[in-house]
Structures are given as structure tokens and as C-alpha cells.
Amino acid sequence: MTSVRSIVAGAGSYLPERIMTNDDLAKVVDTTDDWITERTGIKSRHIAAEGELTSDLALHAARAAIADAGIDVQEIDTIIMATTTPDNTFPATATTVQAALGLEHGAAFDVQAVCSGFVYALTIADTFIRAGQSKTALVIGAETFSRLLDWTDRTTCVLFGDGAGAMIVKAGEGEGTNADRGILTAHLHSDGRLKEKLYVDGGPSSTGTVGHVRMEGREVFRHAVVNIAEAITESLEATGLGVDDIDWFVPHQANKRILDSTAKRIGLPPEKVVMTVAEHGNTSAASVPLAFDAALRDGRIKRGDLVLLEAMGGGFTWGSLMLRY
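Numbering (my numbering), first residue to last: 1 to 325.
No wet-lab data here; the hints were simulated from the structure.
Mixed in with the good hints there might be a few duds.
Claimed, not checked - Capping the alpha-carbon separation at 20 angstroms, the derived lysine to aspartate or glutamate pairs in EDC-like fashion look like this:
no., residue 1, residue 2
1, Lys272, Asp245
2, Lys264, Glu216
3, Lys256, Asp23
4, Lys256, Asp33
5, Lys264, Glu237
6, Lys256, Asp34
7, Lys27, Asp150
Stated by the list, open to error - Computed beta-carbon distance windows for the label pairs:
no., residue 1, residue 2, range
8, Gly176, Lys272, 33 to 43 angstroms
9, Ser205, Glu175, 47 to 57 angstroms
10, Gly176, Val29, 49 to 59 angstroms
11, Arg39, Ala107, 38 to 48 angstroms
12, Arg265, Thr2, 28 to 38 angstroms
Quick reminder that beta carbons are idealized off the backbone N, C-alpha and C, glycines included.
All chains, full assembly: derive it from the sequences and hints.
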């Protein structure tokens with residue numbers, strides 16, 4: 001019996017030209033390269049240029065994904081964009097990308113789940129495709145997170161960077177088994193009771209300002225390792241697969257210590273973990289598609305590989321998604 005599967009047909013990414021190293025940061029805040037590297041594993045991050053918007057980053061990544069998929073842009077009937085840093089309060093930044101691509105049909109909207117945003121957006125695209133609502137979706141994670149940072153707070157400003165990643169997801173047929181290409185399972189969670197552990201202290205309804213990132217680092221670390229491991233276990237149980245079946249683990253690139261602890265907790269060998277946090281820092285909703293595309297470009301992820309995605313962000317929100325590329 002055949003079933004509808006959401007197949008990843010292409011991927012792309014974009015990073016702003018400006019690179020800010022740890023040594024550069026040490027000139028503006030009380031920190032050192034050793035301090036940042038030891039606690040986070042981050043060595044550098046990319047920062048959007050003045051006047052460079054989230055939609056600009058998203059458009060570069062989208063065009064790269066469209067080219068990789070080899071499709072006509074007019075095939076896209078849905079654009080779902082995960083971002084915490086939209087160009088404007090409204091309209092959705094996805095509509096700006098839609099117009100720039102020359103599309104005048106279909107749906108375009110934003111998803112706000114912070115660092116989990118791309119996993120949420122990809123899950124929504126999968127749901128649309130399986131329901132017959134969409135046949136070809138463009139899913140984007142894009143952030144200019146540097147514009148939310150308090151550059152005097154060394155506990156947060158050293159962590160984040162800007163960037164964008166995208167995937168083209170198309171409807172296809174499968175046999176309903178784990179051997180199918182496409183998204184096999186996805187699991188999303190949130191717990192709003194913990195929002196003050198990681199949040200931005202501003203917004204249109206509260207202060208009328210953008211605000212800055214505030215975080216209780218130790219609490220975020222503790223919850224991240226536990227929540228992510230549980231979400232991964234859900235994906236494995238839902239498919240009946242084991243850790244040994246995973247070819248590549250593409251996690252949200254928050255902190256090397258979190259990634260190492262998560263992999264160890266679930267028994268995954270370090271060599272199967274795709275890690276870009278050293279070069280990109282935490283790019284929030286962009287980090288998962290950025291890491292996926294990096295592993296695709298360097299030949300690690302190959303057609304038929306089983307890939308596990310996960311993320312956790314403010315809210316708290318978290319989730320996992322298993323796909324066969």
C-alpha cells in the first residue's frame with residue numbers, strides 16, 4: 001500500500017560576509033577566545049551587514065535550495081519561514097520572500113518557535129503535504145539574531161550569529177516503511193512555564209521595543225539535554241529504529257557541550273554528529289538547515305541516509321524529526 005511522503009528534494013544556505021571572531025568580541029566585551037571556546041565551542045559567527053534584512057538572507061538560501069532541487073520556482077505552492085527576527089512585526093517575512101521569488105499563488109507565512117522553529121516549520125510542511133494541502137513547499141529558517149543582543153552581556157552576545165538555511169520538500173510516494181525516502185516521523189513539544197529561562201525582554205504588546213535576549217544558561221543547559229534526548233527517543237520508538245540505524249544526527253547548533261552531552265546520553269558516536277557551531281555560533285531557527293546543508297555540500301549526507309534532526313529553543317519549545325534523504 002502506497003503512502004504520501006514529504007521528500008527533501010533540495011537544500012541551500014547563506015551566511016553574511018562579515019565574520020566576527022572571538023578575538024573581535026574581546027574588543028567590545030569582557031571576554032577572551034579561551035573563555036568562549038571552553039564554554040561553548042564557538043570560535044566565530046557571521047553578522048549581517050547594516051541594511052541586510054532577514055528576508056535578504058532567506059532569499060539567498062531559498063534560491064540555493066531551489067537550484068539544488070532543480071525545480072521551477074513556480075512549482076512552489078507553500079512557503080513556511082521560521083524566524084524570531086522578522087523584517088517587520090507584520091506582514092510575515094515569508095511574503096517578502098514570496099514576492100521576491102516572483103510567486104503570486106499559494107500560502108506564505110512565518111512560524112515563531114525560536115531555535116526550534118525550523119523543526120516546527122518542516123513538521124508543518126509535512127502535515128500540509130500529507131493532507132494534500134501542498135505539493136511543493138519551501139521551508140526556511142532565517143535569523144538576524146545579532147539585532148536582539150545586548151553587546152555588554154558576555155553570557156549571551158558570544159553565543160549567537162546570523163544566517164539562513166532552506167529546504168524544498170515535495171510530495172512523493174512511499175511504501176509506508178522506514179525504507180521510504182522522506183520524513184518518517186516528527187515530534188513537537190513546548191512548556192510555557194519555563195519562558196523566563198530564555199526570552200527577549202521586549203515586544204510590541206509589552207514594551208513597544210525589540211528588546212534583548214536574556215538567559216539563565218545553566219537552566220537552559222539542564223533542560224536542553226533532558227528534553228532533546230527524550231524527543232530523540234520518541235522518534236526512535238515511533239519508527240522502531242535504533243540509535244545504530246542513524247547515519248547522521250543534525251542537531252540545533254547551540255553549544256558544543258550540549259551537543260556532546262546529548263549524543264553521549266543517547267549513545268550516539270561523536271563521528272555521526274554534524275557540528276557547525278564553531279564556525280556559525282547559534283543561528284537560532286537557521287542552525288539546523290545550515291548544518292544540514294553543510295553536511296550535504298561536503299558529501300557526508302548522501303541519498304538514502306537516515307538523518308535525525310532536533311532542536312530546542314525559548315518557550316521552551318523542542319522537537320525531533322527523522323527523515324531519509
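(request) Below or equal to 20 angstroms on CA atoms is what counts here, so check Lys256 against Asp34. (result) holds (14 angstroms)
(message) With the threshold set at 20 angstroms, check whether the alpha-carbon distance from Lys27 to Asp150 stays at or below it.
(response) holds (15 angstroms)
(request) With 28 to 38 angstroms as the target window, see if Arg265 and Thr2 comply at their CB atoms. (result) holds (37 angstroms)
(request) Mind checking the alpha carbons of Lys272 and Asp245 for me, to see if they're no more than 20 angstroms apart? (result) holds (11 angstroms)
(request) Note whether the CB distance of Arg39 and Ala107 lies within 38 to 48 angstroms or breaks it. (result) holds (41 angstroms)
(request) Given the hint that Lys264 pairs with Glu216, test it: the Cα-Cα distance must not exceed 20 angstroms. (result) Status violated; Cα separation ~23 angstroms.
(request) Indicate whether the distance between the beta carbons of Ser205 and Glu175 respects the range 47 to 57 angstroms. (result) Holds, at about 48 angstroms.
(message) 33 to 43 angstroms was suggested as the range; check whether the CB atoms of Gly176 and Lys272 agree with it.
(response) violated (26 angstroms)
(request) Could you grab the alpha-carbon distance between Lys264 and Glu237 and see if it respects the 20 angstroms cut-off? (result) holds (18 angstroms)
(request) Compare the distance between the alpha carbons of Lys256 and Asp33 with 20 angstroms, and conclude whether the hinted pair is satisfied. (result) holds (15 angstroms)
(message) Range first: 49 to 59 angstroms. Now tell me if the beta carbons of Gly176 and Val29 are that far apart.
(response) Given about 53 angstroms between the Cβ atoms, the range holds.
(message) Given the hinted pair Lys256 and Asp23, is their Cα-Cα distance within 20 angstroms?
(response) With a Cα-Cα distance of about 19 angstroms, the restraint between Lys256 and Asp23 holds, given a limit of 20 angstroms.
Violation of the numbered hints given earlier is confined to hints 2, 8; the remaining hints are satisfied by the structure.
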